[in-house]
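Trainee: Sequence:
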Amino acid sequence: MEDHIKDLLTSYQYSDAIKEQVAFRVIFGGESPNQIMEEFNIQNVYTIMHWVKAYKLKIETGLVTLPPMTAKQQQDLEALKYRNKELEKAVKNANLMILALNTMIDIAEKDMKIPIRKKSGTKQS
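Just add 11 to the spot in the sequence shown (first one is 1) and you have the numbering used here.
Treat the hints as calculated values from the structure; they're not laboratory data. Take the hints with a grain of salt, since some may be wrong.
What the hints assert, rightly or not - With a Cα cut of at most 27 Å, we get these calculated BS3-like pairs of lysine-lysine:
#: 1; residue 1: K100; residue 2: K64
#: 2; residue 1: K64; residue 2: K96
#: 3; residue 1: K64; residue 2: K103
#: 4; residue 1: K30; residue 2: K67
#: 5; residue 1: K69; residue 2: K96
#: 6; residue 1: K103; residue 2: K124
To be verified - Here are the computed distance ranges between Cβ atoms for each label pair:
#: 7; residue 1: A105; residue 2: I29; range: 37 to 47 Å
#: 8; residue 1: P79; residue 2: E120; range: 31 to 41 Å
#: 9; residue 1: L91; residue 2: A111; range: 27 to 37 Å
#: 10; residue 1: D122; residue 2: Y25; range: 15 to 25 Å
#: 11; residue 1: K129; residue 2: E49; range: 51 to 61 Å
#: 12; residue 1: I118; residue 2: A65; range: 47 to 57 Å
#: 13; residue 1: K83; residue 2: D117; range: 44 to 54 Å
#: 14; residue 1: K121; residue 2: F51; range: 16 to 26 Å
Glycine residues also receive a C-beta, built at the ideal position from the N, C-alpha and C atoms.
Could you build all of it, start to finish, from the sequences and the hints given here?
Mentor: In structure tokens form, the structure reads like this:
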């Protein structure tokens, strides 16, 4: 009985590489989740949509960089609009991160008197 349970548990586990490949193909390849579900023997489409959502979140937080567009995607107006929106989100998030880091450095330098930034005019070795 225990072997049967172990088989069930491991049969629905997928590697991170598979999850990212599936999400990538849905987002950037324009492939149907149903088609990919059959190809990878994934039990339901909601699993794929969950992976897609997680991958998009990684893109938005800067953990994944956007891959270059294919020639076909560059000709597709909808793909270009989507890419533009994704790039705008990435820039917005990067600017927020820069602001947060600069604020943190300012506070550390002022309140804790920790010199972090290199002062202008100092000699570089």
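Trainee: Now tell me if each hint is right for this structure.
Mentor: So, going through the hints one by one against the coordinates:
For the hint linking K100 to K64, the alpha-carbon distance of about 15 Å falls within 27 Å, and the restraint holds. The suggested pairing of K64 with K96 holds, with an alpha-carbon distance near 16 Å, which does not exceed 27 Å. Of the supplied pair hints, the one linking K64 and K103 holds, its CA atoms being roughly 19 Å apart against a limit of 27 Å. As the CA atoms of K30 and K67 are separated by approximately 12 Å, the hinted pair is consistent with the 27 Å bound.
Taken as a hint, the K69 and K96 pair is honoured in the structure, with Cα atoms around 15 Å apart against an allowance of 27 Å. Distance check on the hinted pair: K103 and K124 sit about 30 Å apart at the alpha-carbon level, beyond 27 Å; violated. About 29 Å separates the C-beta atoms of A105 and I29, a value inconsistent with the hinted range of 37 to 47 Å. Judged by the Cβ atoms, the range 31 to 41 Å given for P79 and E120 holds: they are separated by roughly 39 Å.
Restraint check, L91 to A111: a C-beta distance of roughly 30 Å satisfies the suggested window 27 to 37 Å. For the pair D122 and Y25, the beta carbons lie near 47 Å from each other, so the given range of 15 to 25 Å is not met. Our hint of 51 to 61 Å for K129 and E49 holds, since their Cβ atoms are close to 57 Å apart. At roughly 32 Å, the beta carbons of I118 and A65 sit outside the given window of 47 to 57 Å.
The hinted window of 44 to 54 Å between K83 and D117 holds, with their beta carbons roughly 46 Å apart. Judged by the Cβ atoms, the range 16 to 26 Å given for K121 and F51 is violated: they are separated by roughly 53 Å.
In this structure, the hints that do not hold are numbers 6, 7, 10, 12 and 14, in rising order.
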